[in-house]
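Student: With chain A fixed as given, assemble chain B onto it according to the hints.
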Amino acid sequence: MSARLLVGTRKGLFLLEQAPQGRTSWRIARTAFLGDPVTSVLAIPGTDRFYAALDHGHFGVKLHRSDDVGEHWEEIEAPAYPPKPDDVEDLDPFSQQPIPWTLKRIWALAVAPPDGLWCGTMPGGLFRTTNGHSGWDLVRPLWDSPARRKWAGGGSDWPGIHSVLVDPRDPAQVTVGVSTGGVWATPNGGLTWEPRTDGMWAAYVPPELVHAPTAQDAHYVVQCPAAPDTLWCQHHNGVFRSVDRGRRWEEIKDIRPSSFGFAVAVHPRDPNTAWFVPAIKDEQRIPADGRLVVTRSRDGGASFEILHKGLPQEHAYDLVYRHALDVDSSGETLAFGSTTGGLWTSADGGDSWEEISAHLPPIYCVRFS
Amino acid sequence: MARVELTSNLARYLDCPAAEAPGDTLREVLDSYFAAYPRSRRYILDDQGGLQRHMIAFVGDRPAKDRLRLSDPVAEGQTVFIFQALSGG
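Those protein sequence lines, which keep their order, are chains A and B.
Note that my numbering gives residue 185 to position 184 of the first sequence, counting from 1, and the numbers run on in steps of one.
Note that my numbering gives residue 118 to position 69 of the second sequence, counting from 1, and the numbers run on in steps of one.
Same shape as in the complex, but just chain A:
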């Protein structure tokens, strides 16, 4: 059982605790950063330490840390891009606008064992610190690679790294997911990188680019902690699964009601079990027939169940962003939050859901501590 749930929204951070008694099984215990967009959160396992990334808009991107499970927060150094050389032409291939070498959004935070952090950002930089929080380093081999210049902003103005997967067997093996720019892996802590998109395809580019690694809009990628060779990916035009850490992906077709979406969560111990929150592809982005459902496979994608008990089944227009679905370490407790401020939890692996709130700000990220 998880003790806490962190919910980052467009208007602040909400920290929920399990309520032994009361109307709902989770309650908002405290808030932080009310009014400010919280784009990413991270709870360090086994500690009272949380991180929260903020996007102040006018005042830039900030990073905060708490060492007392969110009671007090301290602003810490955020990643910074190096100066852009005058002779470098670095254009977003879609918009043809110059890529700003400046921090636009913190989109992913992950532990870099033993005591560091990885940070995925827009416009596409991956950063690492090896000592708690000080001294961020841009991972230059990835940033300087010619392939990175082909990453493009699709849904946002700039490309971004949203998934950072650290192999629990060997923390030098790191896989990142990029929108739009594919999946990339390093065997050596970031010194060298290779694409991991074989088997993926893109429906939204000219025929010559359908299989190009950098054309793959991997909306979100997750890795099974107990079986780290198994990855699941919610891609822009489908669901893909890999059993060899992304060297080869298999498309999982004919998922009802839809294989479009952003979020995916994988069971912490069973690599064959994963959850998705589907929507009508891709220009509408609302639940099919106004019915909010979760899909779950327990057999590696061979079949899916549609889970809807406790979820609104008429005129629901909730969309769930890529970081807004999570499963806890038990594999039984789940939570997800929507663009229209709905927050639901499940204590039985998704069989049934409980509405915790229907009127939070638009939800960006949901994480169990």
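Since the hints were derived computationally from the structure, they do not count as laboratory data.
Treat each hint with caution, since some may be false.
Claimed, not checked - Capping the alpha-carbon separation at 30 Å, the derived lysine-lysine pairs in DSSO-like fashion look like this:
id : chain 1 : residue 1 : chain 2 : residue 2
1  : B       : K114      : A       : K254
2  : A       : K310      : A       : K151
3  : A       : K310      : A       : K282
4  : A       : K254      : A       : K282
5  : A       : K12       : A       : K63
6  : B       : K114      : A       : K151
7  : A       : K85       : B       : K114
8  : A       : K12       : A       : K254
9  : A       : K254      : A       : K310
Tutor: Relative to chain A, chain B alone:
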């Protein structure tokens, strides 16, 4: 003669089938297409005549570089693809 293919998402709003269109630049090819399908112009170009912010034009497999004047050359037999970078929730 070039060929113009548009994202199927636009078909929700207007008639815009794939079609042959003459021209040596992206501007000329699109103007030829718009002559046949005039409603499609303002779905693809903004009121200044540049590409709408979240529209992408490919000439063959290359994204158009000149999004304002549309001066990218188009060779005989090439296909111009119009896609949208779908955004947000």
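Student: Decide, hint by hint, whether the structure agrees.
Tutor: Each hint tested on the structure:
1. B/K114 - A/K254: This hinted pair is violated, its Cα atoms lying about 35 Å apart.
2. A/K310 - A/K151: violated, 43 Å
3. A/K310 - A/K282: holds, 23 Å
4. A/K254 - A/K282: holds, 14 Å
5. A/K12 - A/K63: Holds: A/K12 and A/K63 sit about 15 Å apart, inside 30 Å.
6. B/K114 - A/K151: holds, 13 Å
7. A/K85 - B/K114: Given that 30 Å is the threshold and the Cα spacing comes to 21 Å, the pair holds.
8. A/K12 - A/K254: Since the Cα atoms of A/K12 and A/K254 sit roughly 37 Å apart, the hinted pair is violated (cutoff 30 Å).
9. A/K254 - A/K310: holds, 24 Å
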